[in-house]
Amino acid sequence: MAEENGSNLQQFVDGIIKNNPVLVQLLGMCPTLAVTNSVDNALVMGAAVIFVLVMSNMVTSLFRHLIQPHVRILVFTLTIATFVTIADLVLKAYVFEVSKKLGPFVPLIIVNCIIIARAEVVASRSGLLRSLADALGCGLGFTLALTLLGLVREVLGAGSITLPGWRILLCDPKVFEPHAWVIMIMPPGAFLTLGVVIGIITQIRMRSARGGA
Amino acid sequence: MDIGVLIGIFIGAALVNNFVLSTFLGICPFLGVSRKVDMAFGMGCAVTFVMTISGIVTWLIVHGILTPIGAWLGNPESLYFLKYVTFIMVIASMVQLVEMYLRKFFPSLYTAFGVFLPLITTNCAILGACLLIDMNEIYRASLLKSTVFAFAGGIGFMMAITIMAGIREHLRFSDVPKALRGPAITLLTACILSLAFMGFAGMGK
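Here the protein sequences line up with chains A and B, keeping their order. Position one of the first sequence corresponds to residue 1 (this note's numbering), numbered consecutively onward. Position one of the second sequence corresponds to residue 1 (this note's numbering), numbered consecutively onward.
A portion of the hints provided could be inaccurate.
[Said to hold, decoys possible] Pairs of lysine-lysine, BS3-like flavour, derived with a Cα cap of 30 angstroms:
{"#": "1", "chain 1": "B", "residue 1": "K178", "chain 2": "A", "residue 2": "K100"}
{"#": "2", "chain 1": "A", "residue 1": "K174", "chain 2": "A", "residue 2": "K101"}
{"#": "3", "chain 1": "A", "residue 1": "K100", "chain 2": "A", "residue 2": "K174"}
{"#": "4", "chain 1": "B", "residue 1": "K104", "chain 2": "A", "residue 2": "K92"}
{"#": "5", "chain 1": "B", "residue 1": "K145", "chain 2": "A", "residue 2": "K92"}
{"#": "6", "chain 1": "B", "residue 1": "K83", "chain 2": "A", "residue 2": "K18"}
{"#": "7", "chain 1": "A", "residue 1": "K100", "chain 2": "B", "residue 2": "K145"}
{"#": "8", "chain 1": "A", "residue 1": "K101", "chain 2": "B", "residue 2": "K145"}
{"#": "9", "chain 1": "B", "residue 1": "K83", "chain 2": "B", "residue 2": "K178"}
{"#": "10", "chain 1": "B", "residue 1": "K36", "chain 2": "B", "residue 2": "K104"}
{"#": "11", "chain 1": "B", "residue 1": "K178", "chain 2": "B", "residue 2": "K36"}
{"#": "12", "chain 1": "A", "residue 1": "K101", "chain 2": "B", "residue 2": "K36"}
[Unchecked claim] Just so you have them, the derived chain B footprint on chain A, three or more residues with Cβ under 8 angstroms:
{"#": "13", "segment": "60-66"}
{"#": "14", "segment": "131-138"}
What the hints contain is simulated information worked out from the structure, not anything from laboratory work. Even for Gly, the Cβ is constructed at its ideal location relative to N, Cα and C.
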């Protein structure tokens, strides 16, 4: 039992660092690029994904013996769609402004490959606790990656950090405005930031692999 | 119906707000299936095809089934919570139907699209197009405009992925820094493409 708890913890930590869904596995790229123009968007998106991931992993894991293999993708998709509808309604009710900015990307969680991949790889094969640990790990990994990108893009592009509720200005807007790197909060900045971050991570992994060998 | 409005919608969806490069829909195939020009073009055609059809069908379902039944129950919007589930079901079954239809009546087209069709179900550009149509007042009011929008979105996707594949074919022969090989250099290329597409801003609507 203790050993199994240890492996659950390992599963949780792996999801955040070693198998980070965005930065290492390159899954779920659409929301990663689209909603990271400010920190609060990234955080709300991350929270929605954690909720959907945890719920769908739990449901899939509980029903894993009942789901026939040839209809499993359909069952996964419908489960996810149900929880995304719930998440969307909750976001609309409590954080309407952010939900409006996220636009179609909240319902698009349905086709986010991270969630289907976790249901297929982990939840349909293992018990409730392990699926839960995995969902939390991957969800946190996703949120961290999104927040990192959001932080870089918003600080360089707008000189501020927006959290749900309040906005921190890092410097006087009048001083910052002429030097703002506006392109960072526009679409090309998303591709640029993610490309550079993935490049840096590959470099670190190559170096540590060389050091380890 | 003013033809100018339709042309405006077309240019807007295909160039100004290009699905891949400025709305970030369909990034997965854009990064995954953009190694060779002919594969990218095939994927683009398949996406355009399915996107147009599912745009039309989801519009018809929302306005022909969900709204009237909702109205009959008391409030036209009372069944709108079913939208997402319906959309994803429609797309999944449209892909199946299109695949069967093509195999029966256009075998040559089927062999050309074949591999890409099942992948399309989880392509977020398709669901994204249906959702964007549903969120916009203009498209909600007119089936013709929605159709043009969905078709133009597909064409925009095809353009972006084919251009990307052309660049990547050349990139194979260049000396890319080791750490940037693979997805990183693709993303940086996409950044420059996206900058180029920003030049269209202000055209159309």
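Verify the coverage statement for the segment 131-138 of chain A against chain B, using a C-beta to C-beta distance below 8 angstroms and requiring 3 or more qualifying residues. Our answer is that it is violated, as 0 residues pass the Cβ test (under 8 angstroms) against chain B, missing three.
Below or equal to 30 angstroms on CA atoms is what counts here, so check B/K178 against B/K36. holds (21 angstroms)
Holds or violated: A/K101 with B/K145, Cα cutoff 30 angstroms? holds (24 angstroms)
Within a Cα-Cα threshold of 30 angstroms, do A/K174 and A/K101 meet the stated pairing? holds (25 angstroms)
Hint check: A/K101 vs B/K36, CA-CA at most 30 angstroms. Holds or violated? violated (35 angstroms)
Does B/K83 pair with A/K18 here, judged by a C-alpha cut-off of 30 angstroms? Cα-Cα ~37 angstroms, so violated.
Straight-line alpha-carbon gap A/K100 to A/K174, limit 30 angstroms: Given pair A/K100, A/K174 holds - Cα atoms ~28 angstroms apart, limit 30 angstroms.
If you draw a straight line from the CA of B/K145 to the CA of A/K92, is it 30 angstroms or shorter? Holds, at about 27 angstroms.
Would you check the hint for B/K178 and A/K100, treating anything up to 30 angstroms between C-alpha atoms as holding? violated (40 angstroms)
With the threshold set at 30 angstroms, check whether the alpha-carbon distance from B/K104 to A/K92 stays at or below it. violated (45 angstroms)
Cut-off 8 angstroms, C-beta pairs, minimum 3 residues; does the coverage of the segment 60-66 of chain A by chain B stand? With 0 residues closer than 8 angstroms to chain B, the segment 60-66 of chain A misses the three-residue bar; violated.
Between the alpha carbons of B/K36 and B/K104, is the straight-line distance 30 angstroms or under? holds (28 angstroms)
Checked against the numbered hints above, the structure breaks hints 1, 4, 6, 9, 12, 13, 14 and satisfies the rest.
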